[in-house]
Amino acid sequence: MKKHLEKFVQIENVGMTFDTKKGKFVALTDIHLTIRQGEFVSLIGHSGCGKSTLLNLIAGLTLPTAGFLLCAGREIPGPGPERGVVFQNHSLLPWLTCFDNVHLAVERVFGKTESKPQLKERTTRVLEMVGLAHAMHKYPGEISGGMKQRVGIARALAMEPKVLLMDEPFGALDALTRARLQDELMKICEATKATTVMVTHDVDEAVLLSDRIVMMTNGPAATIGEILTVDLPRPRERLSLAHDAKYMDYRSAVIEFLYAKQSHPLAA
Amino acid sequence: MRARLGVVLPPLMGLVLLIGIWHLATMNGGNIPTPGKTWDAAAILFADPFYRNGPNDQGIGWNILASLERVAIGFGFAALIGIPAGFILGRFATIAGMINPIISLLRPVSPLAWLPIGLLVFQRADPAAIWTIFICSIWPMIMNTAQGVMRVPQDYLNVARVLNLSEWKILTKILFPSVLPYMLTGIRLSIGTAWLVIVAAEMLTGGVGIGFWVWDEWNNLKVEHIIIAIFVIGIVGLVLEQTLIFLARQLHTEG
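Residue numbers (the numbering used here), protein chains in the order written: chain A, 2 to 269; chain B, 339 to 593.
Next up, chain A with everything else stripped away, as it sits in the complex (with noise of 0.2 angstroms):
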């Protein structure tokens, strides 16, 4: 069991085909990574360079076209609910309010082995967490945007997922909101222990929350460019570090890498 610790997550020689109406697309290519238990990791390019679909494979919402993927030294199969996802777009169900949707992932992982009492504290308690007490009962279109990507957040950690996945889980947010739920998800890796994946195109957030950033080239055919171990110790705190020599040097890396070495498709 200790020899998956440090190999939580092994993306081995993975690629990704897509069958399209214009032929073969070839997303991502020769992917290797591995992935510590209780790592935090970014994945950041720019659009289109396949870091979704790189998620998507650890879900196991796609299957990949070649090499494999295994969670815990077992291959991926399909998605589950050991992998928590964080969806781009909070993928609130609006007919059920904040608290059944968060439920619904509870019963499904927990109801066979826990009381009706004990499922519904488990979800009061994950939404105390990321500070919703007040909002359960409210339906998804009455809260903010920032409300309804902390209850997708409390669904994906309610599950006690092995590995959280979050697709540019703060994208849609104003920075003063999106600041704030960085924080927020800082204490409560630090609390949960999460082995956490995250897709983000922002290089502040990248290295505020990262252990590593990994950095993916354009696509098509994208694949990992360069890895950044962020050596920042923890807990980490916006303020200070805003002007931490070694914060500015992290960041001007990962900004290196995406204007110069990897400019924007557009843009070349």
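Calculated directly from the structure, the hints in this document are not laboratory data. Watch out, some of these pointers could steer you wrong.
Stated by the list, open to error - With a straight-line Cα cutoff of 20 angstroms, these simulated SDA-like cross-link-like pairs (lysine to any residue) come out:
#1 B:Lys507 to A:Leu62
#2 B:Lys507 to A:Arg109
#3 B:Lys507 to A:Lys163
#4 A:Lys163 to A:Glu191
#5 A:Lys121 to A:Phe100
#6 B:Lys507 to A:Phe111
#7 A:Lys8 to A:Thr230
Given the coordinates of chain A, assemble chain B onto it according to the supplied hints.
Frame of chain A, contents of chain B only:
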């Protein structure tokens, strides 16, 4: 107040215009009665809508109710079969591939063409009329439900896949709520067609019913009554349609 006037006034003007033209066209005699004469006949007719003088002479109220009952039964059976069938067709591509050509073939057929088959199978007029309603109302419900199932946002289905929900949970928590608006559209179209078809079916089968009543009054040459029937059929159809639109809107604001 002014806004409300803007809503009420144009339809009222249209109605006055219609009656005006009707009056001008009929004031110099002819077979079609004037609006005034029709109104007088209607007053007599609706003074006692629920009388019974034997099976072939009943009040207009009974006739409307008899037609509505046939529509309700035929439509009910159609919903019972059509909606689950729509779910199956939308969810399983192979079955859809099998059934869709048959539906495409049968759907454009006038429901009245099915009436003889109904008469043959059931041997009686009443179930045959219900059968005709069943056939004409089933298609829109199958098609719209299947359409709705196929249009369930991929995001919701991805949620289902990540949570690894059972087929039952997928049905009750994701498919059904998300298909409901499409289903209601199907129901609305079905009811509309059913109400169109019942009049024609009853003309052919006889008995009690608004369609038969129209035919009976034609044989009695009571043209006022035929015009009244046209208005009544129109109003009932309108009420059915508006009720369903209202229901759909209620559901929409809840979601």
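Going down the list of hints, with the structure as the test:
1. B:Lys507 to A:Leu62: At roughly 19 angstroms apart (the allowed maximum being 20 angstroms), leucine 62 of chain A and lysine 507 of chain B satisfy the hint.
2. B:Lys507 to A:Arg109: Given pair lysine 507 of chain B, arginine 109 of chain A holds - Cα atoms ~10 angstroms apart, limit 20 angstroms.
3. B:Lys507 to A:Lys163: violated, 24 angstroms
4. A:Lys163 to A:Glu191: Within the cut-off at roughly 14 angstroms; holds.
5. A:Lys121 to A:Phe100: Cα-Cα ~9 angstroms, so holds.
6. B:Lys507 to A:Phe111: holds, 15 angstroms
7. A:Lys8 to A:Thr230: holds, 16 angstroms
Checked against the numbered hints listed earlier, the structure breaks hint 3 alone; every other hint is satisfied.
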